[in-house]
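Since the structure of chain A is provided, determine the placement of chain B on it from the hints.
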Amino acid sequence: MAKARSVAALELEKRREEILGGQDPSRISIKVCGGTGCLALSSDEVAQAFERELRAQGVEGSVALKTTGCPGFCEQGPLVVVHPQRIFYTHVKPDDVAEIVSKTILQGEIIDRLLYKDPSSGEKIVYETEVPFYKEQKRILLKESGLIDPREIEDYLAAGGYKALARALFEMTPDEVIAEIKQSGLRGRGGAGFSTGVKWELCRQAKGETKYIICNADEGDPGAFQDRGLIEANPHSVLEGMIIGAYAIGAQQGFIYIRNEYPLAVELIRLAVQQARERGLLGEDILGSGASFDVEIQLGAGAFVCGEETALIASLEGRIGEPRTRPPYPAQSGLWGMPTNINNVKTWAWVPHIIHNGAGWFSQMGTEKSKGTTVFSVVGKIKNTGLVEVPMGISLRHLIEDIGGGATNGKKLKAVQTGGPSGGCIPESLWHLPVDYDSLREAGSIMGSGGLIVMDESTCMVDIARYFLNFTKFESCGKCTACREGVLRMYEILDYITRGYGQEGDIELLEELGKAVKASSLCGLGQTAPNPVPTTIRYFREEYEAHVKEKTCPAGVCKSLITFYIVPEKCPGCGLCARYCTEKSISGEKNKPYFIDEEKCIRCGICREVCKFDAVLVK
Amino acid sequence: MVNLTINEEKIKVAEGTTALEAAKQAGVHIPTLCHHPELTPYGACRLCLVEVKRNGRSSVTTSCNCAVEEGMHIQTDSPSVVQARRIMADFLLSRCPEVPAVQRVAASLGVEKPSFPADRRDETCILCGLCVRACDEKAQQHVLGFVGRGPDRRVTTPFDTRAEVCDTCNQCIEYCPTGAITRLEAPQIGQRLKAGAKRWIRIRQVVQYAALLLFLFLIYSTLRGNPLAGNNNIFSRLNPLQAVASMIAARQIITSYWPVLLTVGVTLLFGRVWCGWFCPLGGVLELFGRRGRKIKWQGLRRLKYVILFTVLAMAVFGSLAFMYFEPITIFVRGLTAISKPALAYFQLEDKKDFALPGISWWVIAIPFVLVLLLNLIERRFWCRYLCPLGALVGLGSKFSWVKRLVNQKSCVKCGDCAKTCTMGAISEGRDFTSDPAECIMCMDCAAPCPKMAITFERGKALGWNYEFDPTRREALATLGIGAAAIGLLALDVGKVKAAKSTVLRPPGAQGDDFLAKCIRCDQCIQVCPAHALQPVGLEAGWDALWTPVLDPFSGGCDYECNRCGQTCPSGAIPPLTLEEKRQAVIGIAQVNFDTCVRCMDCLEHCPYKCFDKVEVEGIRGVFPKVRPENCVGCGVCVQVCPKQEKLAIVVYPIDGVPPEKYVTHPAT
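Protein chains in written order, with this note's numbering: chain A, 1 to 619; chain B, 620 to 1287.
Chain A on its own, in the form it takes in the complex:
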């Protein structure tokens, strides 16, 4: 059912044509990454240097300079890409800028020093598209990351933004929108993987005049930053998804619940909302279609549990952020008792793509039950940390070793933690598993919102379980006994084990408690909080047993269980370790092997790090 497009919609289309018409594809443009990762490495100074330099060299008119969102390869930041050739410069410092402008921009020369060197082959790679990290990805959500300026709505329009919205508003009924989403097989990208279309339908069918939609951008997992990366790079895609969703569900008001710890993302999404309002894409009578919808930004106060939908709603309502039992689901009784639909940032961002390209296009990607692509933030002991987008169903090994570039320092990779602190650890032996909701669940982990933490042989699995439980213990809201007390007790046992006080039966007790906490907890946090423990026990039981029975830490991490020593044959007596040792526990004569006083040693490991001869060992 197609309605005649309104004047506003036609004007928008016209404006898009104008922008596109004014663009010269061959024009040189410099894209400096302005994402948080590169910003931390002073990419803003790089951008300013470019501005100065372009002006100084008199080419500011002919060269476009853009500060973009995160293109994903955070490991190599600050990143500068010179278009249209897509020359890819890494680790750019403000001092390098003059050279880039004078050589690359003006003379078309490549600066070898700034190129990316493939660690596996050792070859220098000139173009972004040829970098293995990008080559192996299938970027749809992240397609515009690194290309458009998130501060400019016109960049988004030029990239085809808000086309899907117009299509939905004028060519589809709300039911058709829902049918399309349902048909696509899109599953919630927040981690649980519930069918988005079904969720929308439930909310649409729920009784009530007032309905709300919420974008959950309360990304709290340590090491995960996909939502932040997406909002910082392309906030309008999220917004467009929400407007379409609101139209489909019949909501008049939306909320974006975003962490206060993401200042840049907050700033950009605020700006995006303001721009959308100015363009008539938000507010009364959107694009003259008669539909009305507006969005409010709400900042979270830093509680991990507020990522849980009922806790998020409580927090939005101004109450303490703690979950409540479902049912009733938010679709029946959510924000202020009204039917409410909550989706993750990435889920919303998928909507315009699906509406624009059709359900069939989407469902071609991925596996039978998990469609589309998914965005991971790959971190840990690998070479290429960053944001990646891959089709559902690729193997973990492909993701970690090919895109992630494998282990650093030639160490052996051991396991990967998926799904953040409430996920499980999957051992290297199972890395043939495809990445999708169901196979990860079978392996004892979860998809989560897409954090991947890779661990190598220098990671102690007991210690890592302890670390994650410490996080969930601290982040548990404390409402229900199972999670508050259970996670605390499990943490205590793990802490004892890592300190050498493990007892016979502790491992079994942990397994028993893990099951009970999982079964008895009120919300998703508690139900998944024990996950790191059963999976590490399941796959790395021998490490636990070594801690409990032999009081040793095979990975050499747990300080109470290890000793550092210097191998006399390897030690040339340089004395470097002794200089670094804060406790003065290393002594010896120059040019003769040094030794470590165990009594004084606090096992910080700095001697091992500084030793150039690998003479410091752990046992």
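Everything labelled a hint here was simulated from the structure, so no lab data went into it. Be aware that one or more of the hints could be misleading.
25 Å max Cα-Cα, derived DSS-like pairs, lysine-lysine [what the hints assert, rightly or not]:
| # | chain 1 | residue 1 | chain 2 | residue 2 |
| --- | --- | --- | --- | --- |
| 1 | A | K515 | B | K672 |
| 2 | B | K732 | A | K515 |
| 3 | A | K590 | A | K551 |
| 4 | B | K1028 | B | K1038 |
| 5 | B | K757 | B | K913 |
| 6 | A | K207 | A | K138 |
Examples of chain A residues lying across from chain B (beta carbon under 10 Å, computed) [stated by the list, open to error]:
| # | residue |
| --- | --- |
| 7 | P94 |
| 8 | A98 |
| 9 | S395 |
| 10 | T472 |
| 11 | E475 |
| 12 | A482 |
| 13 | E492 |
| 14 | V610 |
Glycine is no exception: its CB is placed at the ideal position from the N, C-alpha and C atoms.
Just chain B now, with coordinates in the frame of chain A:
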């Protein structure tokens, strides 16, 4: 209506019922600590977990907030549920190892000991959120809330500031399952109630010790020979047991006991306050000994009724033989025993002349010492198990207007009240209620109650069917003892009747009437300035033990003194004027010419001038001789006689004067 299955049993419940309520209707018990039917379900404690099967899918969920659905199958005892509940209970017990409410729930789920070390052993809050919900939904004050995450979570008011409304509202207190609510640091909930309860305790203590001090002052006055115009006996005259028993035994209204009406009135209004607020002996027993119940066999409490009824039964037969069980007299006798010799010692000019009284004197203090010793077993042992006055007042208390009440909706059975109770009156097995006949209204239990569930207010008007009501067994025991005692009296075992006429009674005391009224308080002995009155042992018959007799060998009745009659609370020694008393015949003195040394001291000292000088046939010399018609038997002559120990002069009871052995002639 919705059809569902609970543990294989099919039932029908109203729509909107929760699984927990449905199980209750089906008679299936599900433990919970965070649920209250009046408040919104919360699902925090996780003890009410059940396995729910719906649409072919099974899940473990909390039953308190799980609405029933058509065809739902609820399993409350599946192994996974039992195990999960057990672990949840273990978690809660490990958090609050010393909270009885948690201990009970844990024990019911098979957890006797916590598996994990407690962070704070005195933690009482289980974070169930009932107070928070009560504050929101019942009181609508929205003052209480949670702060902190995870292990740091706790209940408090915004910014830990005390809210004024918490002084008066107190609605949350009732809902707290552990009593933690009044222990919260910042909100100080119930502190005003607590302060009020403490104020009552202080008032009671002031009254109690004032009464004790007054009693000691009265005893002091009595010792100093000042009857305070006959008011030094006020504790006896307030004493309903003395009043009732002596009036029954004497078959007459003894008007001096009018203050008893006050005690009766106060008892009918406020219960056994006599014991808790006024009894001086109670005031002493309150000072030491263990609180709570230490003796297992609490039925012993009924023994006091046996003692009471036996005393009263004896009174019906005209005898006050067992009045020495009366607490005021026990205390007075105890003080008399020690203070009287002490006074005598201090009054002596030459301390060498002092002689300790014999064993028959000290035995009057035995009951008092025993009462003190028994207090070491349990505080107020006497008051709990033996005191007949307490029994009498207690019977009245069963009908009293104000009673101790325990709000059962609020009580969490923590037992703190039972631990403080000086009477051990609070029964753990009966929801910490108390028999009003056992409760002495001391109010000590109200302040420590963490739930402020204990109040003293208008209770059930007519009270019987309490825990320690006297039963047929006590009646039979009374009958047995009473009958035996009365039988002994009737059969004159021990020659009781004959013995009676062998002793001298205080001035004005009249034979049977005296014994029917004498309540054995021995205050007359205390007040007697000449130490003439003494407690009698078994000489006057076993039923007259510790009644006063005039012993001229100890002292003579002071011509200028009528204090014993003034002091006697029951009128056993009539309150004679000095003139009347001087005329009251106690006995008649007779000179034994065989041992008399003719010193004539008696003749000189006799206040009645009733001695004549005579010549005795067969013995040379002039002797003093009593003129019987003028002699009242005051015994002053005996006191001054240098040959006292040779019985040179003896006072005989009127009926017992032996005939003269010698013929005498007035001396010329």
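Hints, one by one, checked against the model:
Restraint check for K515(A) and K672(B): the C-alpha separation of about 19 Å stays at or below 25 Å, so the hint holds. Using a Cα cut-off of 25 Å, the hinted pair K732(B) and K515(A) holds, with the two alpha carbons roughly 21 Å apart. For the hint linking K590(A) to K551(A), the alpha-carbon distance of about 35 Å lies beyond 25 Å, and the restraint is violated. With a CA separation close to 21 Å, the supplied pair K1028(B) and K1038(B) stays within the 25 Å bound.
Annotation: proposed proximity of K757(B) to K913(B) is violated, straight-line Cα distance about 41 Å (limit 25 Å). Pair hint K207(A) plus K138(A) does not hold up; C-alpha atoms about 40 Å apart against a cutoff of 25 Å. For P94(A), the interface hint is violated, since its Cβ never comes within 10 Å of a Cβ in chain B; the closest pair sits about 42 Å apart. Look at A98(A): its Cβ only gets to about 50 Å from chain B, farther than 10 Å, so that hint breaks.
Interface hint status for S395(A): violated, as the beta-carbon distance to the closest one in chain B is roughly 31 Å, over 10 Å. For T472(A), the interface hint holds, the least distance from its beta-carbon to any beta-carbon of chain B being 8 Å, beneath 10 Å. Checking E475(A) against chain B by beta carbon gives a least distance of about 7 Å; that is within 10 Å, so the hint holds. Interface hint at A482(A): satisfied, since its Cβ lies 5 Å from the closest Cβ of chain B, which is below the 10 Å cut-off.
The criterion of a C-beta within 10 Å of any C-beta in chain B is met by E492(A), whose closest approach is roughly 7 Å, and the hint holds. Using the Cβ-Cβ criterion of 10 Å, the hint placing V610(A) at the interface with chain B is not satisfied: the shortest such distance is roughly 38 Å.
Taken one by one, the earlier hints fail for this structure at numbers 3, 5, 6, 7, 8, 9, 14, listed in ascending order.
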